[in-house]
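*Asks:* Sequence order for the protein chains is A, B, C and D. Note that the first sequence ends on residue 361 in my numbering; no numbers are left out. Note that the second sequence ends on residue 361 in my numbering; no numbers are left out. Note that the third sequence ends on residue 361 in my numbering; no numbers are left out. Note that the fourth sequence ends on residue 361 in my numbering; no numbers are left out.
Don't read these hints as lab results, they were simulated from the structure. Please note that the accuracy of each hint is not assured.
Identical copies carry no separate label here, and so any pair may be met within one copy or between two of them.
[Claimed, not checked] Computed cross-link-like contacts, SDA-like style, restricted to lysine to any residue with a CA-CA straight-line distance of at most 20 Å:
hint: 1; residue 1: K51; residue 2: Q312
hint: 2; residue 1: K51; residue 2: C75
hint: 3; residue 1: K91; residue 2: P52
hint: 4; residue 1: K201; residue 2: N315
hint: 5; residue 1: K201; residue 2: N280
hint: 6; residue 1: K42; residue 2: A220
hint: 7; residue 1: K100; residue 2: P219
hint: 8; residue 1: K42; residue 2: E62
hint: 9; residue 1: K91; residue 2: A220
4 protein chains.
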Amino acid sequence: MNTIGSAVRVTLFGASHDSRIGCVIDGIPAGTPVDTAKIEADLALRKPVPGIGTPRVEADAPEISGVVNGCTTGAPLMITFANTNTKSSDYEALRKMPRPGHADYPAVCKYGASHDIRGGGMFSGRMTTPLVAAGAVMRGILEPLEITVGSYVSRIGRVEDTAEYAPAALSASRTNSLRAMSEELEGLMREEILAAKADGDSVGGVVRCMGTGLPAGLGEPFFDTLDGEIAKAVFAIPGVKGVMFGAGFAAAASRGSENNDFYRMGGDGAVQTLTNHAGGVLGGMASGQTLDFSVAFKPTPSIARPQQTVNLEERTDAELSVHGRHDPCIANRGAIVVEAMTALVIADLLIRGGYYG
Amino acid sequence: MNTIGSAVRVTLFGASHDSRIGCVIDGIPAGTPVDTAKIEADLALRKPVPGIGTPRVEADAPEISGVVNGCTTGAPLMITFANTNTKSSDYEALRKMPRPGHADYPAVCKYGASHDIRGGGMFSGRMTTPLVAAGAVMRGILEPLEITVGSYVSRIGRVEDTAEYAPAALSASRTNSLRAMSEELEGLMREEILAAKADGDSVGGVVRCMGTGLPAGLGEPFFDTLDGEIAKAVFAIPGVKGVMFGAGFAAAASRGSENNDFYRMGGDGAVQTLTNHAGGVLGGMASGQTLDFSVAFKPTPSIARPQQTVNLEERTDAELSVHGRHDPCIANRGAIVVEAMTALVIADLLIRGGYYG
Amino acid sequence: MNTIGSAVRVTLFGASHDSRIGCVIDGIPAGTPVDTAKIEADLALRKPVPGIGTPRVEADAPEISGVVNGCTTGAPLMITFANTNTKSSDYEALRKMPRPGHADYPAVCKYGASHDIRGGGMFSGRMTTPLVAAGAVMRGILEPLEITVGSYVSRIGRVEDTAEYAPAALSASRTNSLRAMSEELEGLMREEILAAKADGDSVGGVVRCMGTGLPAGLGEPFFDTLDGEIAKAVFAIPGVKGVMFGAGFAAAASRGSENNDFYRMGGDGAVQTLTNHAGGVLGGMASGQTLDFSVAFKPTPSIARPQQTVNLEERTDAELSVHGRHDPCIANRGAIVVEAMTALVIADLLIRGGYYG
Amino acid sequence: MNTIGSAVRVTLFGASHDSRIGCVIDGIPAGTPVDTAKIEADLALRKPVPGIGTPRVEADAPEISGVVNGCTTGAPLMITFANTNTKSSDYEALRKMPRPGHADYPAVCKYGASHDIRGGGMFSGRMTTPLVAAGAVMRGILEPLEITVGSYVSRIGRVEDTAEYAPAALSASRTNSLRAMSEELEGLMREEILAAKADGDSVGGVVRCMGTGLPAGLGEPFFDTLDGEIAKAVFAIPGVKGVMFGAGFAAAASRGSENNDFYRMGGDGAVQTLTNHAGGVLGGMASGQTLDFSVAFKPTPSIARPQQTVNLEERTDAELSVHGRHDPCIANRGAIVVEAMTALVIADLLIRGGYYG
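Same shape as in the complex, but just chain A (with noise of 0.2 Å):
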């Protein structure tokens, strides 16, 4: 349902257009500080790209409560936003006829009539944002044992980002809204984005995201494993279409001899691997190398074109156009919600395997 974790808990609340979103985070040990700047931060690099995303820009405040002298409390905390520019009068006919490509059609099936249609609902990249506080607040317990989560934007559309970075590299895509790894790329993504929005489209886009210092074995076999609980709560981003780790799809044609990754005694004691083919998981826990994978996201499907629908009162063929206010492209904002999400999982798995609190 709307709750993600084990040993410590996100519960969402709310919909795009209700007067309220957040989330309750239960599990936290007491202690554990909050730094409200960081969320801010993070937050930030989920807001819509100037001049090129949704003009719908809400003050994603957040207002915290649970959280005594900076600090948890061992109570849960709970983390909300107000709605405040929404515009709900343009959805009420895309209950009939569902938008290509969206969750209304389903979702009328699910739930009938007493679906809130109004910008998505719960469907909405609008949830997204008390995750990403939620991430931020994780990171409160990865810091003090030195364990890091980044990401950045390999690809968008036909703009491909096929270099190899450190982990520690991955900073630099803090610094613009496109999550791009240099300026030249940023300007490309920007471009392929642009083309799109001039033709009334959208463009897909490919997030990858690395993690640091995880504790080898990591994770909870058989099920609860480090990359199948990140696949879940990756894919409860609206718009993902696909997860891979380390060479994915890429080592299914290959052999194993390619594909193993060698172990060397580091220099300094460590256990090493020449190369990260598993990306950084094996039998479902930590390798002890960098945490490493990839994930899809979709065009957009809310475009300005002219698209074919059904008419699911009158039975019949029908025709839309979406208007209402919507991205280009979603890949960029969603790079910190993979980090967010990646974080809880990490937060999660270190406390449910005593490495924490």
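Put chains B, C and D on the given structure of chain A with help from the hints.
*Replies:* Using the frame of chain A, we list chains B, C and D on its own:
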């Protein structure tokens, strides 16, 4: 941990060389038929390929309790298999010399000297035997709702099957142990595996899985989504490195106008789509179209060729040749496990959503 | 942790002197009516008794999100209350001098200096406000199934109400703030409380709760039983020390021929019992007869009289007089909380068992 | 359902006359010793009293998997018992003529014709055999933390043991099959049971359970409290009708100045209380004093005397004499089950709270 599912829960027990492996299945509504012949038919598809796969062949005869007069009683089912064909002496040396690509190293980090390393312990592919049995039991829930789950091997190493098949056609893959869709492909894939084997090597592969009849709306947003639960379940299968639905990573390179699946009203009054780039999932719920996803299996990490590793006791580099009995490819045996995990997830979501029982 | 329920889950947040308290209710089927007037009617029964109870009176006006057109949408509900009438300066000294009978000492052991001791923090009876609201929401699930839950105070200190009442008669207790079944009993109980108050003391009490219309078989053996889930839920209410169903502890002194409830076929073709020593529960499931259980509340631990305690800093004995604003009896205010927890458990088991939604 | 626990989970399977019963225990940290002799010693206390109890005597020899070199490996444990001494023909007639005081009627309402009625199916006291084994395994977690759990029978019918005992003294009850604290009480209780048996009747009883060494703060408020989890676990034992901690229902008749446990600083610097009316629980957490609670068992519902029932097929009144093999009292056999359930809850809360592993 070792339980998956919410309304229907499967709890796994045992280890590769333990006296027994098995699972407890809780939450199946009373009166659900349990057909031993169907369980055995699915188990047969998990067996090693004669002449190619591991010579460790277990009888895999399920002992089932909790069934009276061929039906469940409301009490849990317990399915267990005896392990008889074990050679534990093969493994003890690996505790200090972890096999590349295996769970050995993180498992020893996590569980220390207590880790049962014989045959990979609880990380062995052997653990998928009770999962296949559980999946076959779930078909008893799916069948009265006319829901089907099938799969085939769409790639082994360099051999790729790029054809598109109707879901009903996938049963063709059940006639051969490589789960190929034609005799010709079976031959090519067999050659690819034998070539690797001749080199003391292994190959990876891709399994494509399809499901039909899932009611539009199946899945529990925001987190317990159809795609997220499938992804988590599938990543529990040893060797899986990637999961993507429909167009998957290709969607990231496309535009919304290409990727959106336009709706059409079918002749029978059913809502249809012209394409299925979504792979049957929208907003985390079944879209009403065919469930369609692909799973990447890495090459078997156990290979005869010498590999570089480390000696954890002496903290030095070392070399290792993996003996024991292994498959040069696991994707084909993994196909029925993917189906089983998918059936588990669908059955669980059906009961959670009030569609069954 | 701070979540109760399985199919319907209530997650509590906040603390006695936090800015907000509230809860998130997840899993309520879409289209369930939410009646604010009924929520407020139940909240009114939780208020302190004028002239007897604590002078801390909060407005207890619920702010609800997740309701559109008076019904749930399938998304979670969030109900929150502002805390306005707090005097936190009363409490800081208690961190080192724990109040006898309160959670102070174990809470400081558990959470250390991070424990929010203001007003008892998350251990305050104040936390039952959102639970009463959640229980009132659950009545929206129970009502269409003609399931009722009522209660009354059967004992305050030495005043015991030994009469037997039909479940339908219990609504009489809603007319007075002591939840007594007659004006006479209300008077006697009021005197008992006032006498204790005059002595700077407090008194305990017993709440008896009844439910009708529960379908025979409701409950999930072996562990998630009707009686076990109610017991767990009720022990979460501050001050509860015992729970017994039907004859309860008296059954232990009886013989089977006395205690067994003999079956009779009712005139309307319904299976009835001549007695209800089982309290409406057999084998962990509803028996089809009236649910009937009693809950013991201890006397309010906060009393004005000086008490012996310890000084945790100086590791010495100490004396303490508890100031602040407290009720000399909580059983009467607890009655509606017992009802709420019972409604929560029944609603959860109804949905789990497929009886609703 | 059939799983209890959060960090340590016990999943029960089987039924009274099924081929096997048993449980899977998941979440025990690797390296926890498993001592078969201790398991068998606890199982011996669950056996029927020679000359009084049911002549159905099972060998109760546990088969355990998941243990290597006497310790857990991190994988789940599976403990199973063969059912050999079953006489299923005794039971079939009860499907239409439910036994008063048994689960027959609600079970048939819930599961219909699929209910396994042989020997009570999954509602049989037989199911407590694997629970006692699981409890004995949990002592392996409690012992290194110097936590003990013991119990005795404080009442059988009219014979009540009103003495107060130190927790360490309770082991005296392990020397006799009535779990009485003295030979004299054993004799009186035996007579009480034999007198009922001679009348074709049965008697109830009370078990008092104590635990020492629980760290102050153990328990997870707001809902997963120490007392709430114990209550839920104990109500799963067939025949339990009431649970109270410390003064329990007597607290409801007392004043705060009497009922509060005053703190004193012990000679060894430990915080002590002058009394223990709280039964070792405050705010849902261990108070640091002795855990002390009582459990009411009803008289065995199976009695030889004729009883009134109904014929569910013919919808008429009927008369029934219960044959089969039954105990005239179950409280004494239930004592070790209460201990087992308590050990399970404590072990679970220890791991959840980070006190172990």
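*Asks:* Each of the hints needs a verdict: does it hold here or not?
*Replies:* Tested hints:
1. K51 - Q312: neither (30 Å within a copy, 47 Å between copies)
2. K51 - C75: neither (27 Å within a copy, 32 Å between copies)
3. K91 - P52: Classified as within: same-chain Cα gap 17 Å, cross-chain 43 Å, threshold 20 Å.
4. K201 - N315: For K201 and N315, the Cα distance exceeds 20 Å both inside one copy (27 Å) and across copies (56 Å).
5. K201 - N280: Neither: 37 Å inside a copy, 24 Å across copies.
6. K42 - A220: neither (27 Å within a copy, 35 Å between copies)
7. K100 - P219: So K100 and P219 pass the 20 Å test across copies only (18 Å; inside, 50 Å).
8. K42 - E62: within (18 Å within a copy, 34 Å between copies)
9. K91 - A220: neither (48 Å within a copy, 28 Å between copies)
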